[in-house]
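Required output: the full structure, derived from the provided sequences and hints.
Residue numbers (the numbering used here), protein chains in the order written: chain A, 1 to 340; chain B, 1 to 340.
Hints are supplied without guarantee of correctness; some may be wrong.
One copy or two, either will do: identical chains are not told apart, so a pair holds if it fits within one copy or between any two.
[Said to hold, decoys possible] Under the rule of at most 16 Å between Cα atoms (straight-line distance), these lysine to aspartate or glutamate pairs were calculated in the EDC-like manner:
#	residue 1	residue 2
1	Lys226	Glu93
2	Lys166	Glu93
3	Lys166	Asp89
4	Lys185	Asp212
5	Lys166	Asp307
6	Lys50	Asp274
7	Lys226	Glu133
8	Lys185	Asp125
9	Lys166	Asp305
No lab work stands behind these hints: they were computed from the structure.
Number of protein chains: 2
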Amino acid sequence: MRGAVLYAPGDIRVEHRPDPAIIEPTDAIIRLSATCICGSDLWPYRGVEKHDGPAPMGHEYVGVVEEVGGQVATIKPGQFVVGSFFASDNTCEICRSGYQSSCVHRVPMGAIGTQAQLARVPLADGTLVATPEPPRADLVPSLLAASDVLGTGWFGAVAAAVGPGKTVAVVGDGAVGLCAVLAAKRLGAERIIAMSRHAPRQELAREFGATDIVTERGDEGVTAIKDMTGGLGAHSVIEAVGTQESMTQAIRSTRPGGHVGYVGVAHGVELPGDELFFSHVHLHGGPAPVRQYLPELIGLIWNRDIDPGRVFDLTLPLDQSAEGYKAMDERRAIKVLLSP
Amino acid sequence: MRGAVLYAPGDIRVEHRPDPAIIEPTDAIIRLSATCICGSDLWPYRGVEKHDGPAPMGHEYVGVVEEVGGQVATIKPGQFVVGSFFASDNTCEICRSGYQSSCVHRVPMGAIGTQAQLARVPLADGTLVATPEPPRADLVPSLLAASDVLGTGWFGAVAAAVGPGKTVAVVGDGAVGLCAVLAAKRLGAERIIAMSRHAPRQELAREFGATDIVTERGDEGVTAIKDMTGGLGAHSVIEAVGTQESMTQAIRSTRPGGHVGYVGVAHGVELPGDELFFSHVHLHGGPAPVRQYLPELIGLIWNRDIDPGRVFDLTLPLDQSAEGYKAMDERRAIKVLLSP
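Shown next, in the form of structure tokens:
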């Protein structure tokens, strides 16, 4: 099969990789219908995160089941399935509490690499959720978004305790931030402030439900949020970047007793304990337990209540993955869908 | 009047200070029935926290109202009252959301100094809660505990989402940690693990409701908690110290999706963002909104359902404050009550 491999920062190649095979009796093999490039793929691509290349890339996926292991009971060949970036058994105590991305048996899909034509999915019964029937082609991008960015934005909104009557600010206008806006809208937020300085992203944020746009960043961004909230700060702030500046901005934009939901993968972030202590915020986040939300999100997409696939503003053949990474790195594209 | 003043690290003197007077029409003057020394008073006493001495000390208090300003409507002279370490209006949006210690008009009582015979209490109607009638003498220590350590331990337990069926660990065996054990018991925790290596504190922890004692600290303490919880960690961990080691221990002792409630005033703490991200814990804490809990806690004390005053294991006249600080600094006393 063909698959994307990172050799070194900036050096993505699509090349022949061995076809995956069933290793554990709980595995499934899927043929990818679509895959994509994640904001978090840019960390190693930019060399910010060390990778021992050559390494297969990608952890978002939808596709059709080709084969299952002997212990797979509910997932069947021929089903169209969506999974998350961590395979999980969905039966352990941590999974049952809703934290499948910390499953005691979790397997990171990024190590398997789903920017490819085929992929092995461990713990198939726990990991994969089948659609009611094979989807129409125009639903595929939204189902693919559910695999990570939508589920991650959703978790950010839940972690930030978004709800009716609340003012929500979203730090970060990447695909996750935009999906967090969509989630905040669905969860009933009264006011949704998207922090963005890029016109096409502002526009999509508004279409997803943002009521206000703030273009300032850092301390000026904090001041803008305070000015809009009677000096108090937002009730809920979703952090979808993962840098020191964005985390600081999120915490300082939140009122005492408010909630910060952070889903940007933290890189080089240090939180000063005294500032956090006196900020009085609730802080929760981490790798989103997307599996928890998949049945609900697939239902919303299936019924065309939401259209998160709109975050894909560039579609390329898998073989042009290098161009896809470049477009996202240079912020020419919000998110790139790859057709295997 | 007489009052305790910190001149320099280790140098506490009780001396003549001017009697307080009504400054704002919302003030009350109270005559202290009892006051005490807080673990947080030890930070400046030890020189860990800078203080521009000479500075009045103390922020815990119960007493009888002597005089009220012209705009005080509900608090009356002659009432026995309990207040918290932040004066608060109890009417602003932040107070109404339950975060009175971040009231937009808050005044730190520590700057006024309640280790004294008299004290001015700003925002009296919002800050003070009167008992049904003057209390019997044996209730005074517990009412004084409600002023800070009990309310703080209670907030720690609430912030750690303590509840029925949960396993709770408490890091710190000072008065706040012990009160957190008591709070966890009242809030229905199934298992309460007190982390302590001091026999008299272990004993009080057990009397307050601890089911288990762990004497190990740091990584060994984390391992002990994991071993007791099927490798997962506790559902709820209350941090009641405020150091890097205790915060790290608390976070690592908590299972993914679990809650850390931190009430130890953070000193020199830096939380690494990536560890926090992948820990998947909820983090909440800060200066406890004791005012929120005072009516309930006073009720429990009044009905003799709880006896938090037992954390006071040394009572001294106010004039011997220096000896009180020394006893707490050397961990000879858990908490020192001062009789003005």
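Verification of the hints:
Taking the closest pair of Cα atoms, Lys226 and Glu93 come within 16 Å of each other only across two copies (14 Å); inside a single copy the shortest separation is 40 Å, beyond that limit. Proximity of Lys166 and Glu93 under a CA criterion of 16 Å is satisfied inter-copy only: 13 Å between copies versus 32 Å inside one chain copy. For a Cα distance limit of 16 Å, the shortest separation of Lys166 from Asp89 qualifies neither inside one copy, at 35 Å, nor across copies, at 23 Å. Taking the shortest alpha-carbon separations for Lys185 and Asp212, only the intra-copy value of 13 Å comes in at or below 16 Å, while the best inter-copy value is 45 Å.
Proximity of Lys166 and Asp307 under a CA criterion of 16 Å is satisfied in neither setting, with 23 Å inside one chain copy and 39 Å between copies. With identical chains, the CA atoms of Lys50 and Asp274 are at most 16 Å apart between copies only, with a shortest distance of 14 Å across copies and 31 Å within one. Taking the closest pair of Cα atoms, Lys226 and Glu133 never come within 16 Å of each other, the shortest separation being 47 Å inside a single copy and 43 Å across copies. For the identical chains of this complex, Lys185 and Asp125 are neighbours neither inside a copy (31 Å) nor across copies (39 Å), given an alpha-carbon limit of 16 Å.
Taking identical chains as interchangeable, the C-alpha atoms of Lys166 and Asp305 are never at most 16 Å apart, the minima being 22 Å within one chain and 38 Å between chains.
Hint violations for this structure: numbers 3, 5, 7, 8 and 9, all remaining hints satisfied.
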